[in-house]
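Here the protein sequences line up with chains Z and G, keeping their order. Heads up: the first sequence at position 387 corresponds to 387 in this note's numbering, and the numbers run straight through without jumps. Heads up: the second sequence at position 98 corresponds to 98 in this note's numbering, and the numbers run straight through without jumps.
It is worth saying that the hints were derived from the structure and are not from the lab. One should not assume that every hint holds.
Pairs of lysine-lysine, DSSO-like flavour, derived with a Cα cap of 27 Å [what the hints assert, rightly or not]:
#1 Lys84/Z / Lys135/Z
#2 Lys358/G / Lys454/G
#3 Lys431/Z / Lys270/G
#4 Lys431/Z / Lys314/Z
#5 Lys270/G / Lys154/G
#6 Lys166/G / Lys314/Z
#7 Lys270/G / Lys314/Z
#8 Lys135/Z / Lys193/Z
#9 Lys154/G / Lys430/Z
#10 Lys32/G / Lys166/G
#11 Lys166/G / Lys154/G
#12 Lys430/Z / Lys270/G
#13 Lys358/G / Lys264/G
#14 Lys358/G / Lys18/Z
#15 Lys431/Z / Lys116/G
#16 Lys314/Z / Lys454/G
#17 Lys162/Z / Lys193/Z
#18 Lys314/Z / Lys162/Z
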Amino acid sequence: MTDTDLVQNVPLTGIAEKVGARLSRRHAAERRFRAYGIASVAMAVVFLAVLLTSIIGKGYSAFYQHEVQITVALDPAVIDPDGKRDHHALEVGDYRTLVRNAMVSMFPEVADNRHERRELMDLVSEGAEELLRDKVLANPALIGSTQTLWVPVTADVDQLLKGHMSRDPARGGQFSERQLGWIDSLTTHGLLKSHFNTWLWTQGDSRQPELAGLLGAMVGSFYSLVVTLLLSFPLGVATAIYLEEFAPQNRWTDLIEVNINNLAAVPSIVFGLLGLEMFLNVFHLPRSAPLVGGLALTLVSLPTIIIASRVALKAVPPWIREAALGLGASRWQMVVHHVLPLAMPGVLTGTIIGMARAVGETAPLLMIGMVAFIVDIPATPLDPATALPVQVYLWAASPERAFVERTSAAIIVLLLFLGVMNAGAIYLRKKFERRW
Amino acid sequence: MQVLVLLLVLLILSIVGFRLGRGRAVRVAGSKPGTLHSLPDYYGYYVALWCGLPALALIVLWLSLDGTLLQMLVERALPVQTQALPASQLALVMNEVRNLAQSGMFSQASSPAIAKAAIQFNNLHAISFAAMAALALSLCVAGGLLGLRIIHPKLRARNQVETVVKLFLIASSTAAIFTTIGIVLSLLFESLRFFSMIPITNFLFGLDWSPQMAMRADQVGASGAFGAVPLFTGTLLISVIAMLVATPIGLMSAIYMAEYAHPKFRAVAKPLLEVLAGIPTVVYGFFAVLTVAPFLRELGDILHIDIASESALATGVVMGIMIIPFISSLSDDVLTAVPDSLRQGAYGLGATRSETIKQVVMPAALPGIVGGLLLAVSRAIGETMIVVMAAGLSARLTANPFEAVTTVTVQIVTLLVGDQEFDSPKTLSAFALGLVLFVVTLILNVVALHVVRKYREKYD
Numbered sequence: 001m002t003d004t005d006l007v008q009n010v011p012l013t014g015i016a017e018k019v020g021a022r023l024s025r026r027h028a029a030e031r032r033f034r035a036y037g038i039a040s041v042a043m044a045v046v047f048l049a050v051l052l053t054s055i056i057g058k059g060y061s062a063f064y065q066h067e068v069q070i071t072v073a074l075d076p077a078v079i080d081p082d083g084k085r086d087h088h089a090l091e092v093g094d095y096r097t098l099v100r101n102a103m104v105s106m107f108p109e110v111a112d113n114r115h116e117r118r119e120l121m122d123l124v125s126e127g128a129e130e131l132l133r134d135k136v137l138a139n140p141a142l143i144g145s146t147q148t149l150w151v152p153v154t155a156d157v158d159q160l161l162k163g164h165m166s167r168d169p170a171r172g173g174q175f176s177e178r179q180l181g182w183i184d185s186l187t188t189h190g191l192l193k194s195h196f197n198t199w200l201w202t203q204g205d206s207r208q209p210e211l212a213g214l215l216g217a218m219v220g221s222f223y224s225l226v227v228t229l230l231l232s233f234p235l236g237v238a239t240a241i242y243l244e245e246f247a248p249q250n251r252w253t254d255l256i257e258v259n260i261n262n263l264a265a266v267p268s269i270v271f272g273l274l275g276l277e278m279f280l281n282v283f284h285l286p287r288s289a290p291l292v293g294g295l296a297l298t299l300v301s302l303p304t305i306i307i308a309s310r311v312a313l314k315a316v317p318p319w320i321r322e323a324a325l326g327l328g329a330s331r332w333q334m335v336v337h338h339v340l341p342l343a344m345p346g347v348l349t350g351t352i353i354g355m356a357r358a359v360g361e362t363a364p365l366l367m368i369g370m371v372a373f374i375v376d377i378p379a380t381p382l383d384p385a386t387a388l389p390v391q392v393y394l395w396a397a398s399p400e401r402a403f404v405e406r407t408s409a410a411i412i413v414l415l416l417f418l419g420v421m422n423a424g425a426i427y428l429r430k431k432f433e434r435r436w
Numbered sequence: 001m002q003v004l005v006l007l008l009v010l011l012i013l014s015i016v017g018f019r020l021g022r023g024r025a026v027r028v029a030g031s032k033p034g035t036l037h038s039l040p041d042y043y044g045y046y047v048a049l050w051c052g053l054p055a056l057a058l059i060v061l062w063l064s065l066d067g068t069l070l071q072m073l074v075e076r077a078l079p080v081q082t083q084a085l086p087a088s089q090l091a092l093v094m095n096e097v098r099n100l101a102q103s104g105m106f107s108q109a110s111s112p113a114i115a116k117a118a119i120q121f122n123n124l125h126a127i128s129f130a131a132m133a134a135l136a137l138s139l140c141v142a143g144g145l146l147g148l149r150i151i152h153p154k155l156r157a158r159n160q161v162e163t164v165v166k167l168f169l170i171a172s173s174t175a176a177i178f179t180t181i182g183i184v185l186s187l188l189f190e191s192l193r194f195f196s197m198i199p200i201t202n203f204l205f206g207l208d209w210s211p212q213m214a215m216r217a218d219q220v221g222a223s224g225a226f227g228a229v230p231l232f233t234g235t236l237l238i239s240v241i242a243m244l245v246a247t248p249i250g251l252m253s254a255i256y257m258a259e260y261a262h263p264k265f266r267a268v269a270k271p272l273l274e275v276l277a278g279i280p281t282v283v284y285g286f287f288a289v290l291t292v293a294p295f296l297r298e299l300g301d302i303l304h305i306d307i308a309s310e311s312a313l314a315t316g317v318v319m320g321i322m323i324i325p326f327i328s329s330l331s332d333d334v335l336t337a338v339p340d341s342l343r344q345g346a347y348g349l350g351a352t353r354s355e356t357i358k359q360v361v362m363p364a365a366l367p368g369i370v371g372g373l374l375l376a377v378s379r380a381i382g383e384t385m386i387v388v389m390a391a392g393l394s395a396r397l398t399a400n401p402f403e404a405v406t407t408v409t410v411q412i413v414t415l416l417v418g419d420q421e422f423d424s425p426k427t428l429s430a431f432a433l434g435l436v437l438f439v440v441t442l443i444l445n446v447v448a449l450h451v452v453r454k455y456r457e458k459y460d
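Generate the whole structure from the sequences, applying the supplied hints.
Structure, rendered in structure tokens:
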């Protein structure tokens, strides 16, 4: 009896099929598992796409705005009845009447109907008066002349023309038949057009959506960031240098490390509570000031900068240090002349990423009062201000429909800033990255 | 602003000191520069430090004391009956004085005495600043002259400068510790005041949360109710929903990226996930309100489920989306740290890739992944903007994800945005909530970091 006979005598037929069937089940499981993986990544990407498209889709239209062309007779009797032309009198002049006269001159049929005149004035923004006043204040010689200028329409008209509002009053439309008629006639005569929205870039906050701008928030964010950068960069780099190059391995160093790692994970609102209690209640720093905001944001960005700088310092090979010390450099000279310059790209990348975190951070700023309604552009870091993300929060909470569009636009601006900062970080990393 | 100018002047004087010190060192060495102990620059830094440091120390000390001193002086100048007021009312009066002094609109004072005090406050402030500036500048010049006199070829300038620098480094590194101490102190201080008004057991175990204080003592609910349990359950509900969304998606995408994906796919997909991580939370909040909540409501209408517009579900889902990249990048790190020899061994025994992952790689990576998940939970609990914008305000004790719930962070924000009264339990309760939040996240973080670190050491 040979071996092959032995094998053939055992009933093998079932096993081969069983193994085959199990193998195909196992392979199916393998394919399923793989599909789950792909589906997960795809889902994350889809979420990102939905988020971006919904915000860009809602927000891009805020970058242009409808304006109406009016021809205003700058009647001296209305602006400056006393005829003295002094600054204060010009400031409080009755520009509303001028705008009304200009509007009525386009639709003479409403001249003596109070109700219809009010309806007509509902089309043009209060910004028209501001524009006129600024124009007159800048050049009082214009009084008496007739000026033609583009002024913003109210946010509701703007929303209607952008198609965000129905013409039908039953479906949320805000306008009467008569008003719709005026709007159409202005549009067909080319007197009502959409222009690039300069208000968004040159104004502070406003209760009127068509006049609300981001400049105040951007300046506030800028001041906060400058304070954050001035504090967190030196502190962060010094801490990293100490921990990597000088610190002995002992309990104290361990304590510092545990603290840094923990601060990186503390909810940012807690930093806001610290800022409220320490900076405002104990040190009596001004409320709502970018200076205090910057201090709070320093705490947010500091752990990121320290951790990134340490990684960058660690990546510099030890033989650089040994060579410097061997040539007679002191430890400090070794760090400043050799290690730090080589680690600088990594340190800067970490700093930019830390700053990007600070730019988008909102919660701590709410705690220290940077949520006030502030029209003026802050002139110094001690003036009350808001910041870009806080402006997003404020506008998102506003009931007016036009603020939805503005909020999305503010988010687009915020994301653009973040994109530029992160692109800078990536560029630095790619350009100066060095493999040893 | 004035202080900034003063600091700038000090900086300029220090730079002058540097030039003078360097020049003097070169001159002292004369024809034999080799006799100098340190490079000439170090003598310059030495003099600059003498110029700047004492003056800077004086300014810091002065500014930290001058507020309290001024306050004492101004308080003494107030009418006797005002001085006799209880401390909390006196603080209000002083606040008005300070605000008045800052705005300069003395005509709006509530009483002539306060206007007088404000004017005096401003005068004293100006005198104090002038005195400080004069002292600091003379200290700067005197220090510089002293430093210049000390310069001598044998002076160990480099060692001394480096000692100062090292002290600066050590001081910087303690910033993290001081921040933690500052957080603990400020939260604890206000929380203790809160617990002296509301018993801590009522706060931690009470089932009713309505912090609104009535205007009159005899109204209904005059004392407010500070039972925080509904806030804790609300936070928990939203966090659980967030983790239910984020864990499978985050973990599976990490597995796919670490174990399966072609490097080219990884190079595209990983940055996309990082973009998701870089989006500010306020944007997620707006997204929840604008897109997700209405979508879920309509879905609920179709399925005949009543979903509130501020439902925990919408908030939790969006928070989950925010956490996905966090989980996936942490898990990705952990998975790639698992040594390849384990995988090769499993393949050698005939396991398929998914079997290897499920039965070999995952068990090996489990501690690290659990650590990452704990960090993610801590993030979800502490997340503020999404819930402030998308979750409700009313504290409901419910586990129904379709209802609106409120969270700890939402309440902190609503209690502290707007008018604050640091003697009413309403404002102080925010700090007690903050303390709870800090302690819980601290425990989660410490445990998670410990687990992750332990795990890393295992395979390093």
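Here is how each hint holds up against the structure:
Between Lys84/Z and Lys135/Z the CA atoms are separated by roughly 18 Å; this keeps the pair inside 27 Å, and the hint holds. A C-alpha spacing of about 22 Å is found between Lys358/G and Lys454/G, which places the hinted pair at or below 27 Å, so the restraint holds. In summary, the hint linking Lys431/Z to Lys270/G is supported, as the alpha carbons are separated by about 20 Å, within the 27 Å threshold. With a C-alpha separation of about 19 Å, the suggested pair Lys431/Z and Lys314/Z falls inside the 27 Å cut-off, and the hint holds.
Between Lys270/G and Lys154/G, the direct Cα distance comes to roughly 59 Å. Violation of the 27 Å bound is thereby established for this hinted pair. Among the hinted pairs, Lys166/G with Lys314/Z is consistent with the structure: their alpha-carbon atoms are about 19 Å apart, no more than 27 Å. Note on Lys270/G and Lys314/Z: the hinted pairing holds, with a Cα-Cα distance of about 24 Å set against a maximum of 27 Å. Between Lys135/Z and Lys193/Z, the direct Cα distance comes to roughly 21 Å. Compliance with the 27 Å bound is thereby established for this hinted pair.
At most 27 Å may separate the alpha-carbon atoms for a hinted pair to count; Lys154/G and Lys430/Z exceed this at roughly 47 Å. This hinted pair does not check out: Lys32/G and Lys166/G have alpha carbons roughly 31 Å apart, beyond 27 Å. Note on Lys166/G and Lys154/G: the hinted pairing holds, with a Cα-Cα distance of about 22 Å set against a maximum of 27 Å. Taken as a hint, the Lys430/Z and Lys270/G pair is honoured in the structure, with Cα atoms around 16 Å apart against an allowance of 27 Å.
Between the alpha carbons of Lys358/G and Lys264/G the distance comes to roughly 25 Å, so the proposed pair stays at or under 27 Å and holds. A distance of roughly 23 Å separates the Cα atoms of Lys358/G and Lys18/Z; the hinted pair therefore holds under the 27 Å criterion. Simply put, Lys431/Z and Lys116/G have alpha-carbon atoms about 63 Å apart, too far for the 27 Å limit, and the pair is violated. Between the alpha carbons of Lys314/Z and Lys454/G the distance comes to roughly 20 Å, so the proposed pair stays at or under 27 Å and holds.
This hinted pair checks out: Lys162/Z and Lys193/Z have alpha carbons roughly 11 Å apart, not beyond 27 Å. Using a Cα cut-off of 27 Å, the hinted pair Lys314/Z and Lys162/Z is violated, with the two alpha carbons roughly 55 Å apart.
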